[in-house]
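K.L.:
Each chain is listed here by its residues.
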Amino acid sequence: MELDDLAKSCGEWLKGSGPESDIVISSRIRLARNLADFPFISRTTEADRAEIEKILHGRIDELRAAGDVSADTYYINVGELEEVDRQFLVERQLISREHAESEGVRAVVIDHDERYSVMINEEDHLRFQVMQSGLSLDTAWQRIDQLDDMIEEKLTYAFSDKLGYLTACPTNVGTGVRVSVMLHLPALVITRQIEKVFRSLQKINLAVRGLYGEGSTAMGDFYQVSNQITLGQTEEELTKKVADVVPVLIDYERQAREFLVRESHETLHDRVSRAFGILRTAQTISSEETMHLLSSVRMGINLGLIAELEIPTINKLFIHTQPAHLQKLAGGELESTDRNIERATYLRRHLNIDKSSDPTQN
Amino acid sequence: MKCQRCDRQATFHITDLIDGKPNELHLCEECAQSFLSPAEEETAEVMPAMAGLLAQHLAVGETADDLARLDQRTCPICGISFLEFRKQGRLGCPHDYVYFADELEPLLMNIHDQVHHIGKVPKRCPQGADQQTQLIRMRREMKEAIAKENYELASELRDQIKEINSSSPSSETSEDVSQ
Numbered sequence: 001m002e003l004d005d006l007a008k009s010c011g012e013w014l015k016g017s018g019p020e021s022d023i024v025i026s027s028r029i030r031l032a033r034n035l036a037d038f039p040f041i042s043r044t045t046e047a048d049r050a051e052i053e054k055i056l057h058g059r060i061d062e063l064r065a066a067g068d069v070s071a072d073t074y075y076i077n078v079g080e081l082e083e084v085d086r087q088f089l090v091e092r093q094l095i096s097r098e099h100a101e102s103e104g105v106r107a108v109v110i111d112h113d114e115r116y117s118v119m120i121n122e123e124d125h126l127r128f129q130v131m132q133s134g135l136s137l138d139t140a141w142q143r144i145d146q147l148d149d150m151i152e153e154k155l156t157y158a159f160s161d162k163l164g165y166l167t168a169c170p171t172n173v174g175t176g177v178r179v180s181v182m183l184h185l186p187a188l189v190i191t192r193q194i195e196k197v198f199r200s201l202q203k204i205n206l207a208v209r210g211l212y213g214e215g216s217t218a219m220g221d222f223y224q225v226s227n228q229i230t231l232g233q234t235e236e237e238l239t240k241k242v243a244d245v246v247p248v249l250i251d252y253e254r255q256a257r258e259f260l261v262r263e264s265h266e267t268l269h270d271r272v273s274r275a276f277g278i279l280r281t282a283q284t285i286s287s288e289e290t291m292h293l294l295s296s297v298r299m300g301i302n303l304g305l306i307a308e309l310e311i312p313t314i315n316k317l318f319i320h321t322q323p324a325h326l327q328k329l330a331g332g333e334l335e336s337t338d339r340n341i342e343r344a345t346y347l348r349r350h351l352n353i354d355k356s357s358d359p360t361q362n
Numbered sequence: 001m002k003c004q005r006c007d008r009q010a011t012f013h014i015t016d017l018i019d020g021k022p023n024e025l026h027l028c029e030e031c032a033q034s035f036l037s038p039a040e041e042e043t044a045e046v047m048p049a050m051a052g053l054l055a056q057h058l059a060v061g062e063t064a065d066d067l068a069r070l071d072q073r074t075c076p077i078c079g080i081s082f083l084e085f086r087k088q089g090r091l092g093c094p095h096d097y098v099y100f101a102d103e104l105e106p107l108l109m110n111i112h113d114q115v116h117h118i119g120k121v122p123k124r125c126p127q128g129a130d131q132q133t134q135l136i137r138m139r140r141e142m143k144e145a146i147a148k149e150n151y152e153l154a155s156e157l158r159d160q161i162k163e164i165n166s167s168s169p170s171s172e173t174s175e176d177v178s179q
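These protein sequence lines are chains G and C, in that order. Mapping of the first sequence onto this note's numbering: position 40 corresponds to residue 40, and the numbering continues sequentially without gaps. Mapping of the second sequence onto this note's numbering: position 37 corresponds to residue 37, and the numbering continues sequentially without gaps.
None of these hints come from the bench; they were simulated from the model. Computed from a prediction, not measured in an experiment: that's the story for all the values here. A portion of the hints provided could be inaccurate.
Stated by the list, open to error - Covered stretches of chain C (chain G as the covering partner; in silico rule of three or more C-beta atoms under 8 Å from a C-beta of chain G):
| hint | region |
| --- | --- |
| 1 | 76-89 |
| 2 | 99-109 |
Said to hold, decoys possible - With a Cα cut of at most 27 Å, we get these calculated DSS-like pairs of lysine-lysine:
| hint | chain 1 | residue 1 | chain 2 | residue 2 |
| --- | --- | --- | --- | --- |
| 3 | G | 241 | C | 123 |
| 4 | G | 54 | C | 123 |
| 5 | G | 154 | G | 196 |
| 6 | G | 162 | C | 143 |
| 7 | C | 143 | C | 162 |
| 8 | C | 2 | G | 154 |
Each residue gets a CB set at the ideal place from its N, CA and C atoms; glycine is no exception.
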């Protein structure tokens with residue numbers, strides 16, 4: 001099955017390549033669009049939703065047939081998936097939590113290398129996103145603009161001259177664009193400067209969220225910075241606003257890391273080494289603790305404190321140790337206690353490069 | 001090593017910056033989490049909830065009577081009342097932006113600081129809000145016609161919808177015409 005293949009890989013956004021990829025995990029832009037001749041999702045009937053899905057599915061098939069999008073895309077009926085598979089797509093950031101948890105006919109189109117995904121019948125009829133590894137917002141905008149043009153060629157979007165693209169929630173009206181960059185900021189967390197940074201971002205109308213978007217906590221010191229305003233500025237201006245602030249955040253994080261190296265090198269090295277030690281020896285470990293420790297190890301690799309690992313390996317562990325990924329890789333559903341044991345086993349297997357050196361295996 | 005805040009084993013070793021000087025803390029997982037993660041109300045501030053924004057905004061300058069009257073207003077196309085919108089933070093159809101325009105404008109100003117779109121324009125624009133309303137209405141009439149087994153009317157409506165959708169001029173074409 002398609003999802004099992006996806007589970008083994010890592011996807012575009014966790015590749016660990018691209019500009020500034022020691023701190024910038026990924027760049028992502030999404031657009032919200034609605035068909036002009038249907039109500040918004042909350043007022044649709046089941047039949048409406050089925051028809052919207054049919055129209056949009058048809059349009060995607062046309063684009064596939066014409067070679068405008070790769071024939072190598074997955075079309076997945078989200079409503080028909082098991083809960084663990086929906087959770088898997090959320091962890092992978094290919095669908096939103098809202099899309100996973102809502103009811104009725106809904107689908108997602110996923111590019112085989114996970115550079116884009118198209119959600120059908122989410123909060124809006126159509127929500128699609130383009131993802132790039134590292135800091136690469138201009139490329140992301142060009143790609144999504146092109147995808148938008150292609151989809152729109154034979155569809156009529158709800159649009160008003162005054163208010164732009166009309167969306168179910170007034171917070172998205174206008175451009176319907178959400179430009180976001182995911183950053184790994186452990187040193188700003190350790191030095192307790194992160195709150196100060198957030199407050200200044202809010203002052204310039206940028207939102208900060210955790211790894212899994214709205215309402216999620218910042219697990220593993222990952223933060224997403226995105227635009228809050230969608231109306232009254234062009235897509236390029238909104239993209240630039242986020243793009244301009246990211247180098248400043250990168251600089252703050254680098255300064256905080258340098259400070260830690262300079263002022264408390266032993267403590268920092270100890271923290272990184274202990275994290276690595278626990279991850280390669282633990283017998284049972286929660287997802288939260290794993291994220292927390294992997295975050296230290298990731299920073300340790302970037303600072304040259306751990307030589308035997310590379311960033312792509314750590315990025316892979318971040319995603320593969322999430323609850324649904326772990327279950328997909330283990331090939332069956334696991335209760336929380338068993339998951340923690342399986343997670344520890346998985347980590348030991350992947351972090352003890354020389355198998356015989358696993359101190360817990362005799 | 002014991003946690004500095006309780007009796008558990010310290011597993012987290014945190015360097016705190018106080019007046020530019022590092023201060024080392026040794027905490028257990030639980031204490032470290034409460035130390036590192038912002039208080040709940042601070043997190044809530046990060047993304048003000050739609051509902052809160054709305055309530056805060058709409059209460060200004062409205063008497064209870066005005067507000068009650070406003071809440072009862074219902075969009076003739078999708079049937080959503082303003083009260084329902086206030087509760088869910090989601091509109092029911094594109095026409096709501098026209099029907100509740102006066103009520104939404106201050107809200108949009110609050111969220112976006114602007115009320116005019118200057119970004120991308122789709123190539124196939126519905127010609128103004130009227131045509132969009134017309135499309136949704138026709139689709140509803142078509143469904144009603146099917147329910148009443150009036151297939152002749154239904155197929156007529158279907159053709160009309162198709163025609164409007166396919167005749168929506170692209171912005172490029174309209175520019176060509178005007179040149």
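K.L.:
Give a verdict on every hint.
P.N.:
Structure-based check of all given hints:
no., hint, result
1, 76-89, "holds (count 6)"
2, 99-109, "holds (count 3)"
3, G:241 x C:123, "holds, 26 Å"
4, G:54 x C:123, "holds, 22 Å"
5, G:154 x G:196, "violated, 47 Å"
6, G:162 x C:143, "violated, 31 Å"
7, C:143 x C:162, "holds, 15 Å"
8, C:2 x G:154, "violated, 66 Å"
Checked against the numbered hints given earlier, the structure breaks hints 5, 6, 8 and satisfies all the rest.
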